[in-house]
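The primary structure of each chain is shown beneath.
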Amino acid sequence: MSPRTEGSPETSAPDLRDRLATVKRLAAEGDSAAARAMLRSLASPDDDFVTQARLARVLSSLPSAGLGAKPLRIAILAASTVDHFADVLRFWLALEGFAADLWIAPFDTIIPSALDVAGPLYAFAPDLIWLFTSNRDVRIEVTDDRSAVDAVAAAVQRTQSLWEALRSRRECTILQNNADIPAIDGLGNFATQTGSSRRNLLRRYNLELAAAAPHGVMLFDLEHLSALHGKARWNDGRYWYHSKHAFAPDSYGRVAFQAARLISALAGKARKCLIVDLDNTLWGGTIGDDGLAGLQLGSGADGEAFVDFQRWLVGLKERGVILAVCSKNEEDAAKEPFLAHPDCVLRLEDFAMFRANWNSKANNICDIANALNIGLDSLVFVDDSPLERDAVRSHLPEVAVPELPADPAQYIEAIDRHGYFETVGLSAEDRERTRFYRENAARAELQGRLSDIGEYLGALGMVAEVADLDAFHLPRMAQLINKSNQFHLTGTRYTEAELARLASQPGHVVRYVKLRDRIGDNGLIAVIVLVKSPRRELLVETWVMSCRVLGRTLEEFICNDIVETARRMSCRTVVGRYVPGPRNRLVAGLYERLGFRGIGELNGGTGWSLAVDRETPALKTHIESARPSMEGAA
Amino acid sequence: MIDPGIVRGRLNQVFREVFDEDDLQIFDAMSAADLEEWDSLSHITLVLAVEKEFRVRLNAAEVGKLDNVGQMIDLLARRATA
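Just so you know, the protein sequences line up as chains A and B, in that order. For the first sequence, our numbering gives the first residue as 1, with consecutive numbering after it. For the second sequence, our numbering gives the first residue as 1, with consecutive numbering after it.
Quick caveat, the hints were computed from the structure, so don't treat them as lab data. Among the hints, erroneous ones may be present.
[To be verified] Cβ pair distances, simulated, as ranges:
#1 Asn189/A x Leu24/B: 35 to 45 Å
#2 Asn357/A x Arg10/B: 56 to 66 Å
#3 Leu24/B x Tyr241/A: 22 to 32 Å
#4 Arg55/B x Arg73/A: 52 to 62 Å
#5 Asn603/A x Lys52/B: 50 to 60 Å
#6 Asp15/A x Arg79/B: 18 to 28 Å
#7 Arg55/B x Asp101/A: 32 to 42 Å
#8 Asn359/A x Arg55/B: 29 to 39 Å
#9 Gly119/A x Gly70/B: 42 to 52 Å
#10 Asp15/A x Ala60/B: 14 to 24 Å
#11 Asp416/A x Ala60/B: 32 to 42 Å
#12 Arg417/A x Gly70/B: 40 to 50 Å
#13 Ser64/A x Lys52/B: 27 to 37 Å
[As the list claims (entries may be wrong)] Facing chain A, from chain B, some residues (calculated, C-beta under 8 Å):
#14 Glu17
#15 Ala29
#16 Ile44
#17 Ala49
#18 Val56
#19 Val63
Built from N, CA and C at the ideal position, the CB exists for glycine as well.
Turn these sequences into a full structure, and let the hints steer you where they fit.
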């Protein structure tokens, strides 16, 4: 999805009218996919409420059958009017591929709704509970500067109690607004150095709230959104006093867009990889024509802007976004700035793939996706050339291709505003991600040199470390389960707390696998959750693997580990389950390939069974075990 | 003062867009009772759309009174700035 704003100018009212008429005509002719695509191209988070509401109405009238939208149940608790916002939210969620069912608690019933275990909130069975509060809901009673710290702590404690009340009654993610700090404070500028001013109390509250939020509670940065929208127009007293809207309806598009992106990231749908062009994208000029010394990079207005853009890309890489290059160039010339230009910030090793040749960019992008083993819908492509952008858009509609302005000073903003890479947590793996993928490209090269796959796998010298959940690995384990879509047999999602609790229960095994080889360390790349049933079956409740280690006989290795675990736990059978999801066709035939026998329908999926006895043969794998410990499996 | 006839045409367009009904026809005595979808929530959307179309900011007292189309046209003819 690409919001319109940074590229084309605002659509005028009559223009929008015509285009919406076209959308409706397309829908009436039965081409609802085209109608949706057009509506999507018209949508911008910056548009005012009236436009948002119109687009939302039109979208809600289009048939949604057959689109494979993901159902999502969101309960919104608020002490303000949220109905109009809900329409806009539903719209932006639909553009992210969700069929959202929203339940709005009766006005100003946040606490009673949370406490009533038999009430409508829990009957609704939400996937997400959104505590849609504003600064008006944050009570901080303070008499002087000295009591400010305690007063804020008490307010944070009240919010925490509410989270605990919700989480003890329903296991689901909580989205919590922080406080939007009002533009007006009675103390004027002096509010900023007065500990007990409302402005500073709320600033302190927001920081303390962030520190207090446990895993499973996501903060929604309403304060930041209010600044982004413009604080002077964020609060409109007319709508508060007349209809109890907590902030100006014209900000709803922006707020809903940000929320939809965050919710999408929670569902593991954020983009993973940024592919950049080189000439006039990472530096000014063309390396082939202008030579190293002729590039605009480092000095001059454009040169400084390109350096900052490169720094920004390095920052993305360090938080886990994979970088790759796709450029029409001679490879040697294309690499020269990274090796020899004194002001080039990016290094060759910052890129997981480097494709500089004269093939079409769409082909190169497909190659990059294949080599990195990620979906096209995980990619963002950045190129200064409108022709290349259009070509990629038309050939590969799944790839996000943001409009780029002519001025490099605006590149960062033009990409950042889309929120492609929203994340809901960071793990140690994130910083290393580009290295993992770069090493994979090196493995692919090794494979190309060796004709026989067995020879290649042997030459890799793979060693796996298998161990049960511990506090150190817990964040990465939860992240892997929640971000995996393709190699995920049952589609389960767990918070860290749920995973840790499962591991502590008798008859449960929650285990990770790390893999290293001659070329590098792949890190923690697989998690299994096994549950022993009363009938002495070992159920494979969850099995996820990073797609960057496919085709290395790791599936066989893990299967052997499961069988061995079953033996140790005195189970007679291993029972696996495949639950079809939108993106896990990859593993539909996994259990059959591993020698399991189909046992028909099982809990919303297909069941597969493998008898375990002394004779159950170990499957052939090229991976050796470096098992650090065997405890905790019983 | 804008010609009430012009106001009427523009207001009719606003109604069609807010209620997403391409052939909706407004009339002076028309009120929320005449349009199933005209409830307190869509009334707010309607007022916001009117404010945008006529580039006015209406205060709470004025908005409270806007419950039939004739009153709206009168008010907008007096208050509209463009």
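Hints, verified against the model:
For the hinted restraint 35 to 45 Å between Asn189/A and Leu24/B, the CB-CB distance of approximately 51 Å leaves it violated. In this structure, Asn357/A and Arg10/B meet the distance hint of 56 to 66 Å, their C-beta atoms being roughly 57 Å apart. In this structure, Leu24/B and Tyr241/A meet the distance hint of 22 to 32 Å, their C-beta atoms being roughly 30 Å apart. Range check, Arg55/B to Arg73/A: about 40 Å between beta-carbon atoms, so the 52 to 62 Å window is missed.
A hinted range of 50 to 60 Å holds for the C-beta pair Asn603/A and Lys52/B, which are about 52 Å apart. Taking 18 to 28 Å as the suggested C-beta distance range, the pair Asp15/A and Arg79/B conforms, at roughly 27 Å. The supplied range of 32 to 42 Å is met by Arg55/B and Asp101/A, whose beta-carbon atoms lie about 37 Å from each other. The beta-carbon spacing between Asn359/A and Arg55/B, approximately 53 Å, falls outside the hinted interval of 29 to 39 Å.
Between Gly119/A and Gly70/B the beta carbon distance is about 44 Å. The supplied range of 42 to 52 Å therefore holds. Taking 14 to 24 Å as the suggested C-beta distance range, the pair Asp15/A and Ala60/B does not conform, at roughly 33 Å. For Asp416/A and Ala60/B, the Cβ-Cβ distance of about 38 Å falls inside the hinted range of 32 to 42 Å, so the restraint holds. The given range of 40 to 50 Å is respected by Arg417/A and Gly70/B, whose C-beta atoms sit roughly 44 Å from each other.
Our hint of 27 to 37 Å for Ser64/A and Lys52/B holds, since their Cβ atoms are close to 29 Å apart. Checking Glu17/B against chain A: minimum C-beta separation of about 6 Å stays under 8 Å; hint holds. Checking Ala29/B against chain A: minimum C-beta separation of about 25 Å lies over 8 Å; hint violated. Hint status for Ile44/B relative to chain A: holds, with the closest Cβ pair at about 5 Å, below 8 Å.
The beta carbon of Ala49/B comes within 5 Å of a beta carbon in chain A, closer than 8 Å, and the hint placing it at the interface holds. The beta carbon of Val56/B comes no nearer than 12 Å to any beta carbon in chain A, farther than 8 Å, and the hint placing it at the interface is violated. Checking Val63/B against chain A: minimum C-beta separation of about 6 Å stays under 8 Å; hint holds.
Checked against the numbered hints listed earlier, the structure breaks hints 1, 4, 8, 10, 15, 18; every other hint is satisfied.
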